[in-house]
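In the order they appear, the protein sequences are chains A and B. For the first sequence, my numbering gives the first residue as 1, with consecutive numbering after it. For the second sequence, my numbering gives the first residue as 1001, with consecutive numbering after it.
What the hints contain is simulated information worked out from the structure, not anything from laboratory work. The reader is advised that the hints may include incorrect statements.
Below, simulated SDA-like cross-link-like pairs (lysine to any residue); rule was C-alpha separation at most 25 Å, straight line [as the list claims (entries may be wrong)]:
#: 1; chain 1: A; residue 1: Lys285; chain 2: B; residue 2: Gly1179
#: 2; chain 1: A; residue 1: Lys279; chain 2: B; residue 2: Thr1070
#: 3; chain 1: A; residue 1: Lys285; chain 2: B; residue 2: Lys1208
#: 4; chain 1: A; residue 1: Lys196; chain 2: A; residue 2: Glu330
#: 5; chain 1: A; residue 1: Lys363; chain 2: B; residue 2: Thr1230
#: 6; chain 1: B; residue 1: Lys1003; chain 2: A; residue 2: Lys470
#: 7; chain 1: B; residue 1: Lys1056; chain 2: A; residue 2: Val215
#: 8; chain 1: A; residue 1: Lys83; chain 2: A; residue 2: Tyr65
#: 9; chain 1: B; residue 1: Lys1003; chain 2: A; residue 2: Val180
#: 10; chain 1: A; residue 1: Lys470; chain 2: A; residue 2: Asp226
#: 11; chain 1: A; residue 1: Lys167; chain 2: A; residue 2: Tyr466
#: 12; chain 1: B; residue 1: Lys1236; chain 2: A; residue 2: Glu214
#: 13; chain 1: A; residue 1: Lys148; chain 2: A; residue 2: Asn205
#: 14; chain 1: B; residue 1: Lys1003; chain 2: A; residue 2: Glu214
#: 15; chain 1: B; residue 1: Lys1208; chain 2: B; residue 2: Gly1179
#: 16; chain 1: A; residue 1: Lys288; chain 2: B; residue 2: Lys1003
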Amino acid sequence: MADQKAKKTIDPHKHEMPVQEAKVRAHNFEEVALGYDEETAVAEAQRCLQCKNEPCRQGCPVQVYIPEFIKLIAERDFEGAIKKNKEKNALPAVCGRVCPQENQCEKYCTLAKKFESVGIGRLERFIADRELQKGVTVPEVAPSTGKKVAVVGSGPSGLTCASDLAKLGHDVTVFEALHVAGGVLMYGIPQFRLPKEIVQAEVENLKKLGVKIEVNSVVGKFATVDELMEEEGFDAVYIGTGAGLPYFMGIPGENACGVYSANEFLTRTNLMKAYLFPKYDTPIKIGKKVAVLGGGNVAMDGARTALRLGAEESHIVYRRSHDELPARKEEAEHAEEEGVIFDLLTSPVEIISNEEGWVTGMKCIKYELGEPDASGRRSPVAIPGSEFIMDVDTVVVAIGQGPNPLVPRTTKGLELNKHGNIVASLETGATSKPGVYAGGDVVTGAATVILAMGAGRAAADAMHEYLSNK
Amino acid sequence: MFKILEKQVFSPVIKQFVIDAPRVAKSCKAGQFIILGINEEGERIPLTIADFDREKGTITIVFQEVGKSTIQLGAMEAGDYIKDFVGPLGEPTHIENVGTVVCVAGGVGIAPVHPIARAFKEAGNHVIGIMGARTQDLMFWEDKMRAACSELLVTTDDGSYVRQGFVTDVLKDVIESKGKENIPLVIAIGPQPMMRAVCNMTKEYGVKTIVSLNALMVDGTGMCGCCRITVGDETKFVCVDGPDFDGHQVNWSELAMRQVYFKSEEQLALEYKECTCRNGGAE
Ligand SMILES: Cc1cc2nc3c(=O)[nH]c(=O)nc-3n(C[C@H](O)[C@H](O)[C@H](O)COP(=O)(O)OP(=O)(O)OC[C@H]3O[C@@H](n4cnc5c(N)ncnc54)[C@H](O)[C@@H]3O)c2cc1C
Ligand SMILES: Cc1cc2nc3c(=O)[nH]c(=O)nc-3n(C[C@H](O)[C@H](O)[C@H](O)COP(=O)(O)OP(=O)(O)OC[C@H]3O[C@@H](n4cnc5c(N)ncnc54)[C@H](O)[C@@H]3O)c2cc1C
Ligand code: SF4
Ligand code: SF4
Ligand code: FES
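I would like the entire structure built from these sequences, with the hints used as guidance.
Next up, the structure:
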């Protein structure tokens, strides 16, 4: 009786995600969010109203069958739930952790109008983790088509495309420039947010489908896309090389010792495991006061990593105000809880260094929010005379990345836009070059994991059709 | 995994490996480099492709032991495997027929100069090689260089072999005797102070000089920016825009400062290695 009643009154709050305590986690690289247990997951799933019109699904870039998989969790059919989820999402353990849910699925959840939305991402993570623990069953692979496909880049986009094409019976080889597959999931997003073991488990699953992964293979260097097609017999190519080229501010002093791009800072730490130096050989140098320039996920990751590497102070220096921080809400909150200091409406104009070339400070200027512009956003305006020197010894530049030019530059007949991104159809991934498809960050510019995956999937469908008619 | 097929020891600190790497051997050109990682814990270290054999599918590297990774590499033997080996990286040296090219090699720089000298000669140039080392024991590949160049001049800093003097002294003689107008191009590869000295000198003569920069690197694909350096007024990434640059445009003091970025950590890495060795070589 009491049970019945409890079901009808909806808990206005999401079930809380158990997390490592902020003070403790700020100094270790263990995962911050610990995940739901079975009971919490079932209880959270029971909050879902099973809306007929499925607004949540419309907010998900790959349109995961959200109400269906949640219903199965509520019924404790966890295996059924993950199967349903995976019909649309190739990497649920990753997306459940890193999707900006508050702008996607959860934003459109009916519950969110009055209460907190259903914890869709957390539920997705729960069933995915459970499956990884129990051992993933390898999906069926269609009989061989005899067609060879090359996938360039092993980020979420390339991995998804490879997985779908392999399931359809094509012979897929993934070429990855680095010595490990996974793209940003391995070199960028930190261990404490996305354990590398999870990414590697997904890569292993891909190998079970028969996908060959060739690491240490820079396309455009050991062979061009044209050579892969003409000399190595690949019938089609998917380019998912991401947006790995770091932008710098272009201010004086940026080449001083103590200034890193976020990519270098995070790659040394995550991919090369500099946080375990000297057991691992790659070093990283961290000062007492670190300033991270930018306000996105990359900047949050940099600032939180700096604390974990032992910085006394870690600052986010961002030109706009708190509301405009492009980072996931949860990441900005976690950063704040851990003690990251936010210097908002502030922008650097010069990095100052000593005679030996080491950073000793950063000259900044204050901004204020001006009149709303055409887009309705109030853009920041510099306040004349407000320059001041910030006392820092390490600067991490996290103001964005562009497409790496190695593949675009060396592929004949590939149309690019003025930023160097590959021009490709968002529906099919088709580029200006027959048989060559592209998607993910190299097409859209730095975006999200789930969008990159969605592009990989859409291209796989189109490539399958192309190959079937070839 | 990449097999070490042959090992040669030129001096206690200079060693040569021939590595089985068909993919790299198939497409590499003079002036390019590879990055290797010895094992799971290893750093990614850049080394120039000193020679290659497209038929056998092999790459030759010559390296000097200067720190943890190169010492560890030097301890490996033929038959051992290197975990990661990626290349060819960087832009090839721009080879054309300009008439006469002087290729100056200092120390372990002899290895990277070799394929470049050979390529210029194959392109029809008269190649004058100048190779120098601190002392005779550190000299290697004289025969290979003789074959790669049209004429070869050898020197040692201490005079223990052929003649005494720096490569810059020899270069000065060459420019003076041939006339600067007859030397359209100098290539200089070696330790930074040597390249810098060559550039200072050739600048006075107005002789174009290309150097190969050895900035610190991580990925070698243009992703991290660790290798950035000011050339002229622009920031360049050595791994993708270079490693060859116009030596008269390079900001040498910036390069020198960035080179010692991790000095104290490198020392720590070395001590850590020695320490685990003393504990019976576990690890
Ligand atoms: C620090 C950081 C934090 C982020 N946090 C989030 C987050 O919380 N949530 C979210 O949704 N998104 C996040 N993102 C964005 C997200 O990671 C990217 O949008 C996504 O990874 C893009 O996927 P991709 O497959 O297009 O490319 P990438 O993941 O960039 O993978 C491209 C791969 O191609 C390889 N490659 C490049 N050139 C070549 C070549 N010539 N030959 C062979 N291989 C090549 C690269 O080495 C790389 O492995 C974050 C990004 C960063 C950098
Ligand atoms: C494009 C390129 C090509 C190279 N080719 C060769 C080669 O053919 N043969 C060879 O012996 N070396 C070459 N080097 C240098 C070689 O990469 C370094 O000696 C090596 O990385 C040092 O690693 P370590 O761990 O042994 O020493 P560390 O402990 O890392 O360093 C010891 C000392 O070497 C210096 N050093 C570290 N890294 C580099 C580096 N990347 N370049 C120059 N000095 C460095 C440091 O300043 C330090 O003083 C090349 C470097 C580059 C960038
Ligand atoms: S993939 Fe991302 S957006 Fe889609 S349901 Fe999962 S968490 Fe939400
Ligand atoms: S909108 Fe929210 S409550 Fe409705 S089905 Fe989707 S997750 Fe459940
Ligand atoms: S080594 Fe990373 S960009 Fe050159």
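Hint-by-hint comparison with the structure:
For the hint pairing A:Lys285 with B:Gly1179, the CA-to-CA distance comes to about 49 Å; that exceeds 25 Å, so the pair is violated. Distance restraint check for A:Lys279 and B:Thr1070: the Cα-Cα separation of roughly 16 Å lies within the 25 Å cut-off, and the hinted pair is therefore satisfied. Restraint check for A:Lys285 and B:Lys1208: the C-alpha separation of about 37 Å exceeds 25 Å, so the hint is violated. In summary, the hint linking A:Lys196 to A:Glu330 is supported, as the alpha carbons are separated by about 20 Å, within the 25 Å threshold.
Between A:Lys363 and B:Thr1230, the direct Cα distance comes to roughly 21 Å. Compliance with the 25 Å bound is thereby established for this hinted pair. A C-alpha spacing of about 39 Å is found between B:Lys1003 and A:Lys470, which places the hinted pair above 25 Å, so the restraint is violated. A distance of roughly 22 Å separates the Cα atoms of B:Lys1056 and A:Val215; the hinted pair therefore holds under the 25 Å criterion. A C-alpha spacing of about 10 Å is found between A:Lys83 and A:Tyr65, which places the hinted pair at or below 25 Å, so the restraint holds.
The suggested pairing of B:Lys1003 with A:Val180 holds, with an alpha-carbon distance near 19 Å, which does not exceed 25 Å. For the proposed pair A:Lys470 and A:Asp226, the alpha carbon gap of about 18 Å is at most 25 Å, so the pair holds. Proximity of A:Lys167 to A:Tyr466 is assessed by CA-CA distance (about 16 Å); at most 25 Å being required, the pair is judged to hold. Straight-line distance between C-alpha atoms of B:Lys1236 and A:Glu214 comes to about 29 Å, which puts the hinted pair past the 25 Å bound.
For the given pair, A:Lys148 sits about 20 Å from A:Asn205 by alpha-carbon distance, which is consistent with the 25 Å threshold. Between B:Lys1003 and A:Glu214, the direct Cα distance comes to roughly 17 Å. Compliance with the 25 Å bound is thereby established for this hinted pair. Distance check on the hinted pair: B:Lys1208 and B:Gly1179 sit about 14 Å apart at the alpha-carbon level, within 25 Å; holds. Proposed proximity of A:Lys288 and B:Lys1003 is contradicted: the alpha carbons are some 43 Å apart, above 25 Å.
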